[in-house]
Structures are given as structure tokens and as C-alpha cells.
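A.B. asks: Here are the chains, one letter per residue:
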Amino acid sequence: MNTAEFTAVVWFGSLLAGFLGALTGLGGGVVIVPLLTLVFHVDLKYAIGAALVSVIATSSGAAAAYVREGYSNVRVGMFLEIATTIGALAGAGLALYLKANVIAIIFGLVLIYSAYTSIRPQPHDTIQQKPDRLATWLRMDSTYPTEHGLESYHVSGIPLGFALMFVAGVLSGLLGIGSGAVKVLAMDKAMKLPFKVSTTTSNFMIGVTAAASAGIYLSRGYIDPGLAMPVMIGVLMGSLTGARVLANANVRVLRIVFSSVIGALALEMIYSGITGRI
Amino acid sequence: MTDAQTNDAPADLLKADQKMDAIMGILLRTGVITAASIVLVGGILFLTRHKTPVTDYHVFSGEPSDLRTISGIFADVKAFHARGLIQLGLLVLIATPVARVVFSLFAFLYQKDWKYVAFTAIVLGLLLYSLFGGAGA
Chain A
141 MNTAEFTAVV
151 WFGSLLAGFL
161 GALTGLGGGV
171 VIVPLLTLVF
181 HVDLKYAIGA
191 ALVSVIATSS
201 GAAAAYVREG
211 YSNVRVGMFL
221 EIATTIGALA
231 GAGLALYLKA
241 NVIAIIFGLV
251 LIYSAYTSIR
261 PQPHDTIQQK
271 PDRLATWLRM
281 DSTYPTEHGL
291 ESYHVSGIPL
301 GFALMFVAGV
311 LSGLLGIGSG
321 AVKVLAMDKA
331 MKLPFKVSTT
341 TSNFMIGVTA
351 AASAGIYLSR
361 GYIDPGLAMP
371 VMIGVLMGSL
381 TGARVLANAN
391 VRVLRIVFSS
401 VIGALALEMI
411 YSGITGRI
Chain B
142 MTDAQTNDAP
152 ADLLKADQKM
162 DAIMGILLRT
172 GVITAASIVL
182 VGGILFLTRH
192 KTPVTDYHVF
202 SGEPSDLRTI
212 SGIFADVKAF
222 HARGLIQLGL
232 LVLIATPVAR
242 VVFSLFAFLY
252 QKDWKYVAFT
262 AIVLGLLLYS
272 LFGGAGA
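If you're matching them up, the sequences are chains A and B in order. Numbering-wise, this note's numbering comes out as the position in the first sequence, counting from 1, plus 140. Numbering-wise, this note's numbering comes out as the position in the second sequence, counting from 1, plus 141.
Excised from the complex, chain B in its bound form (with noise of 0.2 angstroms):
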């Protein structure tokens, strides 16, 4: 069972790999806490105000332009909005996996492992595209 391992990886990437493992998993729970504490506080602040009748789910009416981009959260966080402030924690907490593939990026550069490199890349790529493609606008 040892031998198989050490042929597979040798013993500093296996400890590198565990590092990685170590700090991402910290990041991953940062972020997580970070985005929930925001939204919680967007929303002791959203129902302190809201008072109203509760908007209708039934019928999709989309959000207003404000919620649904990047600039435009900020632009209502600056503000001091509830909804704004809510919408800015599940920013966070989208761009948590996000900053993880980042931080995968920098260590498998550090590693020099360039076809994980070239992967992460892509990934990395594809949920900017999404993130500013679709939102950023």
C-alpha cells in the first residue's frame, strides 16, 4: 500500500496537495460564514422595514435592475438598502467557489503542475464569463 503511493506521488507533492487541501477548506468556510452573516444582516434590517404584505412569488416578475447586477448591488449597498445588502451577501457566497478555483490556479502554478494549471484556467474562465457575462452588465 506505501510502496504504491510513493510511486504514484512522490512524498513533497503528496504534502503540497495536503497544504492546499488545508487552506482551501479555511477559504471555503470563510466565505461561507462572511455571506451569511451579510445576508443575515440584510435581512433583520429587510424585515424591520418591510412591514408590508409579502410580495407575490406566485407570478415571476423578475427582479428590478438594480438586483441584478454587480454595479448595481453596490450602487444599493452604498445606499444602505436591505435588499441590496441581502443580494451583496449572496455575492459573496457565489464568489466563494469562485475564489476557490483562484487559489487552486495559484497552487497548481506554484506546483508547476501545468495541466492542472490549464484546467483550473478554464474552469476559472467559464464562471467569470458567467459571473460578469451575465451579471457584470
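In isolation and in its complexed conformation, chain A is listed as follows (with noise of 0.2 angstroms):
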């Protein structure tokens, strides 16, 4: 293969990548780690790196529309990135002391759990309840658009969303990933914020983790240019295609099939870790 006809496989796998992520609401990154290490057999260290610039490009790209309209709660986003930013840095550092095969496995389960949470029926009503002391000296309640227009809402559990915040930030920069999954769990779970502001929030605060462990892989050489540009470019492709599509088709079956395929992924990235394969 020369360089010319393994762009363009890459490029076309990058999009597939993007355009399953974009659908299951995982991201393009999940998706690329485990199709440049199994498939095309690219070292994890490279994968990883052009993972996370894929990550910035879609996370930032979706922002752009999500802020505008309203959705996204950029106090509670902005306070939070405190503890993804400081854990994307652990989460670098991590990398260094850890072996290739422990993290594909870390890989692994962080993959099956976010394939689940992607199938999991999601709640859509606002969860009333009453206002918390430090989320309104934080001023952190907000309101956000729904078919009734726009709903009021109250933020609590700050602390628990924090600690998983953090911890969140430590996969991402270990794993060069958004870490989606886990930032929706502490804003949703954690925070009971409305799980549409959780998403988006998630998605606004996911651009600056990344770029938090992006300059650390920069200077380690995690970023081959050559590597990156075809994926980068085909992430982003694929997943406005998918933000498309999502918005005028039904996906629950989609979803179901393309996270069965994630699921498998992660067994495989894990079964690879074991034996030592990656």
C-alpha cells in the first residue's frame, strides 16, 4: 500500500468512525481508537493522538450549534472544566507509566460502558426539585428550550459531579478520548440536570479536555500529521453526516445494532490487551 491508497482507507474508515459516533452519541474518537489499533494495526500511541484531535474537531463543530441555541449550560460547563482539565493532565501523565496493554484494556471497559449507556432509554423530563445552596451561589440554574418552551431547572450533587468530572478527564487524557459517557453520567445522574442540557454541556466541555492533553501528546510525538489528517478530516465529515441523519430518522435500531458493534469492538480491544496483541 503507498501513502496515496492508506489516506484514503483511513479517511474512509474515519468517516464510518464519525458517522457511528455521531448516531450512538458516543463520538468519532471511541470508534477510531479501536478501528486504527485492530484494523489497521497503527500503535496505540498514534491512535490515541489522532483520536483526540479528532475529538476537538467534532466536539467543537457540534458545540458551535448547541450553544447558540440554548441548550448548553455554560456556567456549569465552564466550573467543571476544573476538574477535566486537571484530570486530562493526570490522565497524560498516566500514559507514560502505563503499559499499551493495560490501557487497551482500561480501553476496552470504558468502550462497553459507553455502548450501554447509549442504548439505555434516556429520560427527557425536567426533574423538579429544590434549588441547592452552593448551585445558586454558583449560579448555575438555569433554563433551557423544550416543546413548551423554555423550562427552568436546578442544579445539585456539585461535589459527586466534580469527583466524576475529574474523573473523566483522567480517561480522556489517558485513553484520548471525550469521555461523553461518563461526563453525561455526573451532570445526569450526579447533577440531575435535564438530560438534553447533560448532553450538550458534555459535548461543550469535551473540546477543552482534549485540547487540556492534546499539547502534552504534541510535544511526546502522539501526533503524526500523516496519521492525523485523514482522520480528522473523515471524523468530522462523518459525523455531520450523522448529526443529519439523527435529526430526520428514527435511530433507536441503529443504535441498538451500531453499539452491539462498539461492544464488540471493546471485547476485542480487550481480548488483544490480554494476550498482550497490542
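Just so you know, the hints here were simulated from the structure itself, not pulled from any lab data. Please note that the accuracy of each hint is not assured.
[As the list claims (entries may be wrong)] Stretch-level coverage of chain A by chain B, calculated; a stretch enters the list once three of its residues show a Cβ under 8 angstroms from a Cβ in chain B: (1) 154 to 163; (2) 248 to 258; (3) 295 to 305; (4) 327 to 338; (5) 341 to 352; (6) 410 to 418.
[As the list claims (entries may be wrong)] Here are the simulated lysine-lysine pairs, DSS-like style, with alpha carbons at most 27 angstroms apart: (7) B:K219 to A:K332; (8) A:K336 to B:K156; (9) A:K336 to B:K219; (10) A:K329 to A:K270; (11) B:K156 to A:K270; (12) B:K160 to A:K336; (13) B:K256 to A:K270; (14) B:K256 to A:K336; (15) A:K329 to B:K256.
Idealized CB from N, CA, C, for every residue including glycine.
The task is to assemble the complex, starting from two chains supplied on their own in separate frames and drawing on the hints.
C.D. replies: The structure is reproduced here in C-alpha cells:
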């Protein structure tokens, strides 16, 4: 295979990964790492570097729309980014001390959890709860657009949410992914934000979290231009297409099918890690 | 519903927030489009120049030092190296969320929201540390 052929094949694979990532709501990063390592036999470090870059592209692209539509809670995002950026720096540091096969196993486990959350039924209602003192002090309570117009909501459980966000940051810095599933867990379950606000705020935060470890990855030589180029362009195009399909179709069945594919990739990742092939 | 809303956030603050959200959206979109365009131009240049067998990504050897640092990338771009140009696009991409945080800092300053000025400054400090502490050297 020459350079042009390799680039074309990786571009096409990344296009599919971005499409899958958008449809399942998992983001392109979690699909691109298994694709590059298992299918193209790319070293895990290069794969993580390329994935991280594509994560910044897709999350920033999508966040641009969500922020303007008033879904994302910018204050919640900004405050929790303290936890995710510290976590991301710690995760990128941790990556130096862990063997590739251990990272692959952790990756597989996170992937299985993410695939599970994407097929779990999602609540849509605003949970009515009392104002929380810390949240009031931090001016986090806000509104978001629903079918019945703007609905206001209260935020709670900030300490637990902050701790979970640190974990999300560590996983992001260690694995080169956005950790959207863990971020949503923190905001939806711990802080009781409306589901749509949780997912869009998570997306809003992913770019900053990924940028925190990207600088370190760049200086370590993990980000290869020849590989990151088709990956970034492919994932970006795929996720834009996926988002368009998502708006027009009932994707419940597609989600289940694709999440099973991702679950299988996760098992393969774990198996490769245990047998030391990664 | 409306009552709770006005109690929680004064109308002018809400308006300022919406304006901030709109500018932030434009900023993010511009950053991604600029980055993707530079990567694409660099990529085309890369493919027309490199007809050689594909780089072996199976074994990690790390990037050469010029592609690891901000100053090295700029030197490569001046020399019109394809790989350096792609790396510049990726650098613009990494800088996009950082620019968003810088913008948030000014927006919170403008709103005199000192708590969030402090939070944003912490995040910005961590980002700059990663970018210049790591890749800046």
C-alpha cells in the first residue's frame, strides 16, 4: 500500500467511525482508536493522538450549534472544566507509566460502558427539585428550550459531579477520547440536570478537556500529521453526516445495532490487551 | 416557570449570557473550519509529494522534534513543508477551545462575575501550561 492508498482507506474508515459516533452519541474518538489499532495495526500511541485531535474537531463543531440554541449550561461547563482539565493532565501523565496493553483493557471497559449508556432509554423530563445552596451561589440554575417553551431547572450534587468529572478527565487524557458517557453520568445522574442539557454541556466541555492533553501529546510526538490528517477530516465529515441523519430518522434500532458492533470492538480490545497483542 | 426564571437570573444577565453564547458559537465554528481547511491544503500537498511507501505506524517511534513544538511547526510552515502545514492546522484546532476559554474570561470580566472569572482563569492556566509547558519548549 502506498501513502495515497493508506490515506484513502484510513479516511474512509474514519468517515464511518464519525458517522457511527454521531448516531450512537458516543463521539468519533471511541470508535477510531479500536479501528486504527485492531484493523490498521497502528500503534496505540499514534491512534490515541489522532483520535484526540478528531475529538476536538467534532465536539467544537457540534458545540457551536448547541451553545447558540441555548441548550448547554455554560456556567456548569466552565466550573466543571476545572475538574476535567486537571484530570486530563493527570491522565496524560499516567499514560507514560501504564503499558499499552493495560491502556487497551481500560479502553475496552470504558467502551463497553459507553455502548451500554447509548442504548439505555433516556429520560426527557425536567426533574423538579429544590434549589441547592452551592448551585445558587454558583449561579448554575438556568433554563433550556423544550417543546413547551423555556423550562427552568435547578442544579444539585455539585461535589459528586465534580469528582466524576475528574475521572472523566483522567480517562480522556489517558485514552484520547472525549469521555462523553462519564460526563453525562456526572451531570445527568449526580447533578440532576435535564438530559438534553447534560449531553450538550458534555459536548461543550469535551473540546477543552481534549485540548488540555493534546498539548502534552503533541510534545511527546504522538500526533502524526500523515495519520491525523485523514482521521480528522474523515471523522468530521462522518459526524456531520451522522448528525443530519440523526435529526431526520428514528435511530433506536440503528443505535442498538451499532452499539453491539462497538461492544464487540471493545471485547476485541480487551482480548488483545490480555494476550499482549496491543 | 417565568417567575422562577426572573428570580434566578436578572433579565439583563440572561441577555448577556445569550449574547456570549452566540459569539462563542461563531468562534468555535470559525476555528474548526479554519483548522480543517489548513489540514486539507497540507494534506493535498503531502499526498502529491509523498508517493513513497506508507509510513510504518505499527511501531511507535515518535515524531521528529520539529513537529512536536510550536516553534518547530512554524519553521516548517515557513519552509512550506506539507507535514508542518498539517500540524499547523491541528495546532489551530487545539487552540480553538483555548480561544473559547479566553473569550469566556473576557465575557465574565465584562459581566463582573468574579467567581467565574476566577474559575475560567484556572482552566486557562492549565490549558496554557499543557500547550506551552509541553509543546512550547
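A.B. asks: Could you check the structure against the hints above and give me the numbers of any it violates, in ascending order?
C.D. replies: 1, 2, 3, 4, 6, 7 and 9
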